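Visitor: Listed below, chain by chain, are the residues.
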Amino acid sequence: MAVTVLYADDARTATAEALSEAGLDVREAASLDEATETLATTTVDCVVTAYDLPDGTGLELFATVRETAPDTPCILFTGVATSEIDTTAFEGLVAEYLPSGTPNAHERLRELIDELVTRRSQVGYPLPDDEDARLAALERYDVEDAATQAALDRLTELAAHYIDVDKVFVGVLGEHEERFFSCQGADLDPLERENTMCTHAILEPDVMVVEDTHDDPRFEHNDALDRLNIRSYVGAPLHGPDGAALGSFCLTDDEPRAFTDDEIGCIRLLADEAAEQLDLRRKLQAAQTEVEDG
Amino acid sequence: MSQDAEQRYRFGGLPIESVRPGTNLLVAGPPFAGTKAVALQMLAAGELADEGLVLVAADDTAESILKDYTGVGGTFDRGRMAVIECNSSGNDNADENVRTVRSPSDLTGIGIEFSSLYEGLYTEGVERVRIGLFSISTLLMYADELQPVYRFLHTVTGRVRSAEGLATCVIDPTAQDEQTISSVEQTFDGRVDVRQTDDGDHQLRIQGLPDQPEGWQTF
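For the record, the sequence lines run as chains A and B.
Our numbering applies: residue 125 is where the first sequence begins, and numbers increase by one.
Our numbering applies: residue -10 is where the second sequence begins, and numbers increase by one.
Where hints are given, some of them may not hold.
Label-pair distances were calculated between CB atoms; the ranges are [what the hints assert, rightly or not]: (1) A:N228 / B:G197: 27 to 37 Å; (2) B:T112 / A:P178: 25 to 35 Å; (3) A:A348 / B:P10: 32 to 42 Å.
Residues on chain A that point at chain B, a partial pick, calculated with CB under 10 Å [claimed, not checked]: (4) L200; (5) F214; (6) R232.
To spell it out: a stretch of chain A is covered by chain B in this simulated footprint if at least three of its residues, at any positions, have a beta carbon under 8 Å from a beta carbon of chain B; those stretches are [to be verified]: (7) 173 to 179; (8) 202 to 212; (9) 219 to 225; (10) 240 to 246; (11) 341 to 350.
To be clear, the hints were calculated from the coordinates, so they are not data collected in a lab.
Since the structure is predicted, the reported quantities are computational estimates derived from the model, not experimental observations.
All residues carry an ideal CB built from backbone N, CA and C; glycine is no exception.
Could you put the whole structure together from the sequences, leaning on the hints where they help?
Guide: Here's what the structure looks like:
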């Protein structure tokens, strides 16, 4: 599938043409307003913009990107020198900069877009070593299938019954966001990966326990967790047969709390059971498809 | 010797075997153990092969880090070396190779200067570049949230991987808890720990990279 690029500039149409010719799906915008509108309606893989736009700056556009689709790589493609770029109100955005006067600038821009998209170079969280393989493995699962959901529901219900917490769920980590299944306690909407605790849990070899999010530098400034009333967390990774973690089996509470070894052991068993259910059902679905097709 | 072996990055007198191009190293150790000097020495070894250098000085002024660089035997060559300093003292530097960003909290500003310098060296035909970041601890201390720091580190290490460079990024384990370090470490290919023993020996240990000496090495 072609990489979709939002290109904002009111002057350099040659750049948009060069990128289109290189096989990219280019959405052009002549102003900050137009670019912001495009972002609201289209999923893009990369944002390229001039610094000076008729109604604002490229950094204002990046601020919108970081709010709405934070993983998206951003590139300032401009003739404006770095010393003239005012980053005062935009300290945490982080973007690439490519001078438009670079020799072979269009070729270099295309290379840079490629690198940023394939390497996920501007994500605001640590990535597993095998992220491509992990996402490919995840593709093979149909977590939303009704029978799978029923099986996971039984496990989260058991956890909620025996361990005193206010939420239990199965979190699945997709490319940019986490989706929550079989929620006990409250239904949760998908959340950007940079704000979820499972993003960190899948990097752990075993169960991740956070007794107080306000006392852990990874989460203490995470407002999204406060909005969801998450103050304590246990997450056990759901390992697929090839070892990659698809997500985690999680319990959270609105108060700081410790978890006993017994509780943690029990959560580990439930996570292993959930992972096995997911995998057996994947195999069952694959076998059924084979029979039907055969 | 194969061509591939010749292109590897070497580390002069330190007990570290050469590494392949595109390697990002986390250099972890407390300031008193001489961690910064080790990282600078790893960078200065590039001079033997006429490599380029970009230093990000978040802890210090450009003047001070260049003094330290000279202290480990390096020579700052403006033709292929540059520094980004992060202070608001308003040194209006007319020097193209010394860039000033207002504060270590301005990761967007540091990132833009970094890309600009890296692109500039590449355009001038300097293909092999070493990067030094001093230090991740300072960036973490100034940042309100961790996400921009991860984003910045991915940007730096991503550039190093695509451009087949080498990065040594310093972190102080006495300023960060081990969970933060291990999540930051995820972005790197390997880790060099630095320590000073009770007898006053300086030692380092390499983890995560193939074909390196095992355990603590005195140097």
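Visitor: Now look at each hint and say whether the structure bears it out.
Guide: Going down the list of hints, with the structure as the test:
1. A:N228 / B:G197: 27 to 37 Å: With Cβ atoms ~36 Å apart, the hint holds.
2. B:T112 / A:P178: 25 to 35 Å: This hint holds: roughly 30 Å between Cβ atoms.
3. A:A348 / B:P10: 32 to 42 Å: holds (38 Å)
4. L200: holds (7 Å)
5. F214: The hint holds - F214 (chain A) has a Cβ within 10 Å of chain B, the shortest such distance being about 5 Å.
6. R232: holds (8 Å)
7. 173 to 179: violated (count 0)
8. 202 to 212: That given contact holds, which follows from 5 residues of the stretch 202 to 212 of chain A lying within Cβ reach (below 8 Å) of chain B.
9. 219 to 225: Holds, because 5 residues of the stretch 219 to 225 of chain A bring their Cβ atoms closer than 8 Å to Cβ atoms of chain B.
10. 240 to 246: Since three or more residues must qualify, the claim that chain B covers the stretch 240 to 246 of chain A holds, with 5 doing so at under 8 Å.
11. 341 to 350: Per the Cβ count (4), the hint holds.
The earlier numbered hint that this structure contradicts is number 7, and it is the only one.
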